[in-house]
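Participant: Okay, here's what each chain looks like letter by letter:
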Amino acid sequence: LAKTTQPISMDSYEGQEVNITCSHNNIATNDYITWYQQFPSQGPRFIIQGYKTKVTNEVASLFIPADRKSSTLSLPRVSLSDTAVYYCLVGDIMDTGRRALTFGSGTRLQVQP
Amino acid sequence: DTGVSQDPRHKITKRGQNVTFRCDPISEHNRLYWYRQTLGQGPEFLTYFQNEAQLEKSRLLSDRFSAERPKGSFSTLEIQRTEQGDSAMYLCASSSGTPSLNTEAFFGQGTRLTVV
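Residue numbers (the working numbering), protein chains in the order written: chain A, 1 to 113; chain B, 1001 to 1116.
Read the hints as simulated data drawn from the structure, not as lab findings.
Keep in mind it's a predicted model, so treat the numbers as computed, not measured.
Warning: the hint list may mix true and false statements.
[As the list claims (entries may be wrong)] The calculated SDA-like cross-link candidates involving lysine to any residue, where the alpha carbons are at most 20 Å apart (straight line), are:
{"#": "1", "chain 1": "B", "residue 1": "Lys1071", "chain 2": "B", "residue 2": "Glu1028"}
{"#": "2", "chain 1": "B", "residue 1": "Lys1011", "chain 2": "A", "residue 2": "Gln42"}
{"#": "3", "chain 1": "A", "residue 1": "Lys3", "chain 2": "B", "residue 2": "Glu1056"}
{"#": "4", "chain 1": "B", "residue 1": "Lys1011", "chain 2": "A", "residue 2": "Pro40"}
{"#": "5", "chain 1": "A", "residue 1": "Lys3", "chain 2": "B", "residue 2": "Leu1060"}
{"#": "6", "chain 1": "A", "residue 1": "Lys3", "chain 2": "B", "residue 2": "Ser1058"}
{"#": "7", "chain 1": "A", "residue 1": "Lys54", "chain 2": "A", "residue 2": "Asp67"}
{"#": "8", "chain 1": "A", "residue 1": "Lys52", "chain 2": "B", "residue 2": "Glu1104"}
{"#": "9", "chain 1": "A", "residue 1": "Lys3", "chain 2": "B", "residue 2": "Gln1041"}
{"#": "10", "chain 1": "A", "residue 1": "Lys3", "chain 2": "A", "residue 2": "Thr83"}
{"#": "11", "chain 1": "A", "residue 1": "Lys52", "chain 2": "B", "residue 2": "Thr1103"}
{"#": "12", "chain 1": "B", "residue 1": "Lys1057", "chain 2": "A", "residue 2": "Gly104"}
{"#": "13", "chain 1": "A", "residue 1": "Lys54", "chain 2": "A", "residue 2": "Ile20"}
{"#": "14", "chain 1": "A", "residue 1": "Lys3", "chain 2": "B", "residue 2": "Arg1059"}
{"#": "15", "chain 1": "A", "residue 1": "Lys3", "chain 2": "B", "residue 2": "Gly1040"}
{"#": "16", "chain 1": "A", "residue 1": "Lys3", "chain 2": "A", "residue 2": "Pro40"}
{"#": "17", "chain 1": "B", "residue 1": "Lys1057", "chain 2": "B", "residue 2": "Pro1070"}
{"#": "18", "chain 1": "A", "residue 1": "Lys3", "chain 2": "B", "residue 2": "Glu1044"}
{"#": "19", "chain 1": "A", "residue 1": "Lys3", "chain 2": "B", "residue 2": "Glu1028"}
{"#": "20", "chain 1": "B", "residue 1": "Lys1071", "chain 2": "B", "residue 2": "Phe1021"}
{"#": "21", "chain 1": "A", "residue 1": "Lys52", "chain 2": "A", "residue 2": "Asn30"}
{"#": "22", "chain 1": "B", "residue 1": "Lys1057", "chain 2": "A", "residue 2": "Thr96"}
{"#": "23", "chain 1": "A", "residue 1": "Lys3", "chain 2": "B", "residue 2": "Lys1057"}
{"#": "24", "chain 1": "A", "residue 1": "Lys69", "chain 2": "A", "residue 2": "Asn25"}
{"#": "25", "chain 1": "B", "residue 1": "Lys1011", "chain 2": "B", "residue 2": "Ser1027"}
{"#": "26", "chain 1": "B", "residue 1": "Lys1011", "chain 2": "B", "residue 2": "Glu1104"}
{"#": "27", "chain 1": "A", "residue 1": "Lys54", "chain 2": "A", "residue 2": "Glu17"}
{"#": "28", "chain 1": "B", "residue 1": "Lys1011", "chain 2": "A", "residue 2": "Ser41"}
{"#": "29", "chain 1": "B", "residue 1": "Lys1011", "chain 2": "B", "residue 2": "Glu1083"}
{"#": "30", "chain 1": "A", "residue 1": "Lys54", "chain 2": "B", "residue 2": "Thr1103"}
{"#": "31", "chain 1": "A", "residue 1": "Lys3", "chain 2": "B", "residue 2": "Lys1014"}
{"#": "32", "chain 1": "B", "residue 1": "Lys1014", "chain 2": "B", "residue 2": "Gln1080"}
{"#": "33", "chain 1": "B", "residue 1": "Lys1057", "chain 2": "A", "residue 2": "Ala100"}
{"#": "34", "chain 1": "B", "residue 1": "Lys1071", "chain 2": "B", "residue 2": "Ala1053"}
{"#": "35", "chain 1": "A", "residue 1": "Lys54", "chain 2": "B", "residue 2": "Glu1104"}
{"#": "36", "chain 1": "A", "residue 1": "Lys54", "chain 2": "A", "residue 2": "Asn19"}
Pulled out of the complex, with its shape left as it was, chain A reads as follows:
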């Protein structure tokens, strides 16, 4: 059963780089690693997705080591508006044997001025 483990919370200051690491020891061979961001009273929003090595887009970078048992979301120069909950997702096996995306408890990032 694929499962992710993330720190419950993190604190940072504006302008700093924030790295959130997620462990997923049982990730399936064909699974990607996807990160979502969620603000209070809103639905989650896709941030970035990767399979291996490094992926970068306009908002974040994702580092994935060769064994793919963990991944690190990197947010450069955070601002107050980055205060949110961040979720790391991989596929999870359902009773039918099919896979579905399931969320863990996420990491609450608090950015201070």
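Position chain B relative to chain A; hints supplied.
Facilitator: Below, chain B without anything else, positioned relative to chain A:
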């Protein structure tokens, strides 16, 4: 607005009543998901559709819950005989492309249900 739309945004109901929520996915998205989220927790998977076929249902989806997606477009989630434990945010998401988990899912704003 061409994003995922959910209606209503808020619903207050008395225990024992039935409620129905609607989700309009992004046009032509063939996958549609329902999640439930309680305060301080991550979204919990409930069910998903590939077009009109309901392919997966979580154990969380008791007999009081039913979801449909007629014609593979909008979807409804009905809860019968609501209980106070059903109070939560119900989130809908949709995605496109091949049947794969590795496709970005777009979430709606959710429907917040309060059972009193």
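Participant: A separate judgement is required for each hint: does it hold in the structure or not?
Facilitator: Here is what the structure says about each hint:
no.: 1; hint: B:Lys1071 to B:Glu1028; in the structure: holds (12 Å)
no.: 2; hint: B:Lys1011 to A:Gln42; in the structure: holds (16 Å)
no.: 3; hint: A:Lys3 to B:Glu1056; in the structure: holds (18 Å)
no.: 4; hint: B:Lys1011 to A:Pro40; in the structure: holds (18 Å)
no.: 5; hint: A:Lys3 to B:Leu1060; in the structure: holds (18 Å)
no.: 6; hint: A:Lys3 to B:Ser1058; in the structure: holds (16 Å)
no.: 7; hint: A:Lys54 to A:Asp67; in the structure: holds (13 Å)
no.: 8; hint: A:Lys52 to B:Glu1104; in the structure: holds (17 Å)
no.: 9; hint: A:Lys3 to B:Gln1041; in the structure: holds (15 Å)
no.: 10; hint: A:Lys3 to A:Thr83; in the structure: violated (24 Å)
no.: 11; hint: A:Lys52 to B:Thr1103; in the structure: holds (16 Å)
no.: 12; hint: B:Lys1057 to A:Gly104; in the structure: holds (18 Å)
no.: 13; hint: A:Lys54 to A:Ile20; in the structure: holds (14 Å)
no.: 14; hint: A:Lys3 to B:Arg1059; in the structure: holds (17 Å)
no.: 15; hint: A:Lys3 to B:Gly1040; in the structure: holds (19 Å)
no.: 16; hint: A:Lys3 to A:Pro40; in the structure: violated (24 Å)
no.: 17; hint: B:Lys1057 to B:Pro1070; in the structure: holds (17 Å)
no.: 18; hint: A:Lys3 to B:Glu1044; in the structure: holds (13 Å)
no.: 19; hint: A:Lys3 to B:Glu1028; in the structure: violated (31 Å)
no.: 20; hint: B:Lys1071 to B:Phe1021; in the structure: holds (17 Å)
no.: 21; hint: A:Lys52 to A:Asn30; in the structure: holds (11 Å)
no.: 22; hint: B:Lys1057 to A:Thr96; in the structure: holds (9 Å)
no.: 23; hint: A:Lys3 to B:Lys1057; in the structure: holds (18 Å)
no.: 24; hint: A:Lys69 to A:Asn25; in the structure: holds (5 Å)
no.: 25; hint: B:Lys1011 to B:Ser1027; in the structure: violated (25 Å)
no.: 26; hint: B:Lys1011 to B:Glu1104; in the structure: violated (28 Å)
no.: 27; hint: A:Lys54 to A:Glu17; in the structure: holds (16 Å)
no.: 28; hint: B:Lys1011 to A:Ser41; in the structure: holds (14 Å)
no.: 29; hint: B:Lys1011 to B:Glu1083; in the structure: holds (14 Å)
no.: 30; hint: A:Lys54 to B:Thr1103; in the structure: holds (18 Å)
no.: 31; hint: A:Lys3 to B:Lys1014; in the structure: violated (36 Å)
no.: 32; hint: B:Lys1014 to B:Gln1080; in the structure: holds (11 Å)
no.: 33; hint: B:Lys1057 to A:Ala100; in the structure: holds (10 Å)
no.: 34; hint: B:Lys1071 to B:Ala1053; in the structure: holds (9 Å)
no.: 35; hint: A:Lys54 to B:Glu1104; in the structure: holds (18 Å)
no.: 36; hint: A:Lys54 to A:Asn19; in the structure: holds (14 Å)
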